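Engineer: Each chain, letter by letter, is given below.
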Amino acid sequence: MTGYTHRGRASARIVAAGAVGLLAAGALTACGTGPGTGGTADADDAADRTLTVYAAASLTSTFEQIAEEFEATHDGVDVELSFAGSSDLVAQIQQGAPADVFASADTANMDKIVTDDLQAGTPTDFASNTLMIAVPPGNPAGVASLAGLAGDDVHLVVCAPEVPCGAATERVEEAAGLTFSPVSEEQSVTDVLNKVITGEADAGLVYVTDVRGAGDKVEGIEFPESESAVNVYPIAALERSAEPELAQEFVDAVLGQEGQQVLGDAGFAAP
Amino acid sequence: MSLSLSAHLPERDVQVDLEVADGETVALLGPNGAGKSTLLAIAAGLLRPQDGRVTLDDRTLTHVEAGRTRAWVPPHARQVALLAQDPLLFPHLSVRHNIAFGPRSRGASRRTAALEADRWLDRIGLPDLGGRRPSAVSGGQAQRVAVARALAAEPRLLLLDEPMAALDVDVTPALRHLLREVLADRTVVIATHDVLDALLLADRVVVLDGGRVVEHGPTREVLSRPRSAFAARIAGLNITPGTWSADDDAVRTTAGDLVHGRLHDDGGGAEPADRAVPVTGTPMVAAFRPATVSVFPARATGSPRNSWPVTVTALEPQGDLVRVRAGRLSADITPQAAADLAITPGDEVWFTVKATEVDLYPA
Amino acid sequence: MIPRWVAAVAAVGALLVVLPLAAMAARVNWADFWTLITSESSVAALLLSLRTSAVSTLLCLVVGVPLALVLARARFAGIDLLRSLVLVPLVLPPVVGGIALLYTFGRRGLLGESLELAGIQIAFSTAAVVLAQTFVALPFLVISLEGAIRTAGTRYDVVAATLGARPTTVLFRVTLPLVWPGLLSGTVLSFARCLGEFGATITFAGSLQGVTRTLPLEIYLQRETDPDAAVALSFVLVAVAVLVIGLTRRSRSAL
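Residue numbers (my numbering), protein chains in the order written: chain D, 1 to 271; chain P, 1001 to 1363; chain Y, 2001 to 2255.
The hints are simulated quantities; they were obtained by calculation from the structure and are not laboratory data. Hints are all accurate, no fakes.
Computed Cβ-Cβ distance ranges for the label pairs, DEER-style:
no., chain 1, residue 1, chain 2, residue 2, range
1, Y, Q2121, D, D252, 48 to 58 angstroms
2, P, G1067, Y, A2241, 49 to 59 angstroms
3, Y, A2241, D, A150, 39 to 49 angstroms
4, P, R1186, Y, G2078, 40 to 50 angstroms
5, Y, R2155, P, P1335, 50 to 60 angstroms
Over the 10 angstroms line for every Cβ pair with chain P, so calculated as not near, a few chain Y residues:
no., residue
6, L2015
7, L2019
8, A2023
9, T2038
10, L2067
11, F2076
12, L2082
13, V2091
14, E2113
15, G2210
16, D2226
So the derived list for chain P, only partly shown, Cβ under 8 angstroms to chain Y, looks like this:
no., residue
17, L1046
18, Q1079
19, V1080
20, F1090
21, R1149
None of the values given here were measured: they were computed from a predicted structure. Using N, Cα and C, we set each Cβ at its ideal position, and we do this for glycine too.
Take the sequences, apply the hints, and build the full model.
Structural biologist: What follows is the structure, encoded as structure tokens:
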């Protein structure tokens, strides 16, 4: 995959989210979860069935699209989406939040659900994501490869090891036998992307989907070592769901051809 | 240090010229709102006139022409100290450090300033209060400290704005005494509405009313022959200079008459027991109001010990009364009494006043 | 006399603050508490927080005292606007402050480019943390000091000037000592605000152990993987805040 071209509504949103960081992320989340008025589009006022989907923040644009199509093919069904960091979502589900479906950005967080036996059936991997080097347009620091990030003269920003993208970064470092000295270890991949977009950082390690979503605000550079840190996204219907069949249908929709098409367009790879 | 001040401040309707000679104390007399404080503020550099000039010796402190400042010395560089009716001792500093503030600001060392403060504490009679906070001293003591603080700054001009106004009447004599002592030979302007301040502290009086000088001249002259309404209201006081005669326990006037009265301590001591009786020859003044004076065609035979023959020089209406002038003295009597006596200028009559109505002050 | 219902509502208000703190304290894993708060990253974060907060508070004093003095005493057109602008960070979400700082001191910011040419780089440095903290804490100092200066008035300053004290001498020997309580409480509020600063820091300064990752950032990060550590560190932060405010109250009442 080279020479990304980006257009469309979803990517514009991600860019906006990147530009204003946490604040905008919070606002988007709020949009997706407005109670009663919820759903994304064409929500029939007479909707008498509501499906609540908790999904990792990196799935925002793709799941909005999938939910839209799901509502179009399921009369009277209203899909409410709640986007946040996977660990936050897990904590909410553990505290009894009324979620029907959970889509995680990594297996570790889904494992917590499984440990507490909150899932219905077995979680299924539906997508994967790999890391990519993101640089500001024009690549001012002239980064060409992963090894080029190891020097002190490049302002590198990565995710902190405590969060999934940071764990992936560590694996990549190990596989490549490199030691990075980043100027910052950010809390989330959005923060990393934001630092690159604003030009504060010369380079950042983010997911392929982030680069694609950012449009021409950043340039992406692939590197072979990314294969050593493939991040897998699992999805599961939840055990406490009031709409178990509908929940399973949504999971199937994500795994189905159209869902996979949407995810693929956004840069996700097959699991 | 001689002060020359001329200021026009339209927004307060003040237009005044004032000259103070080197070593002279001038009292600014006038009712509230007459412009006394405005004048002091202009001299101290706290206020800029629309037009005006303030000169201390040869140094121009303020020079403004039609609102344009030509010369300006900021307050701290004027060497002009201002003492208000409120002592305004710095509450966070001890009494000693309050007095040492001026010397410290002049650049004196901590030690020198403290020594100087202690000298002043002795001089104002409060040698033991140096370590106290201002909140722990009385109002009278605080004002004494404020005087010491102002003078320790070695001002070339001292401005006093109603320094006794906020004090209890029983502590004003002590402060007045202190001022008499320390103001000698200094160039001072004292704003007051108390005629005694003017009488006892000032060489010269300038009467202000409505932002204008309405009268000025040597203190006793202005006070005994007031020409302005305000001066007449507060003054009109009979003032007779003389010297103390211990044998007679009275003041002997220059004319040789004896005047008995209530001896006002000059405030030398805080306690009545400490109060010194003047020695013979001490310059004194006797003061009494014209309304307390009775007029008789001959020497009164009753108890009053004060009775002098005088020659009537003029008769003039004074409100509901008639003012009988006899040289420097005057008496206010009812028109009825005046008619009964059939007084005309040139008549010889006796002025009589009870000793309890006469105040005797060291001059 | 306090009406009974007022006392009842006051109790609800107090609970609103105290209950969550108590609930958090109840969740502290006391068995591992010491280990949790003395981990390398925790100690680094705590020390960084104390260090940056101290420097930021000093910076607040250096620029905030003159600012408060000007706002309280100067008269010029636009001073009301200036006052409103200076106090804006009080009501601004800190993350917005972070974005604003980024566009000012960032590498491509208003001043950042010139600074970078001069060899000064603020982004991702401890200086960025200090700037973020100063930005959010400054209004706390200014607002309480300005009020104190207004209340104190200028009478004593005038006396000091006529005693021959230069304006600077007056400031340090009269004006500031007289507003000492306001200055102290403003300083403590600023310090506490610096200590708790999160949004502007994470947006503007980044997050790197020992350099820019202050205690609040460390807590936020630990929450991902080690909630016990996050709770323990939160407790430490609360304890430090209570200690600072308590000490100040004591020293104020001793005045």
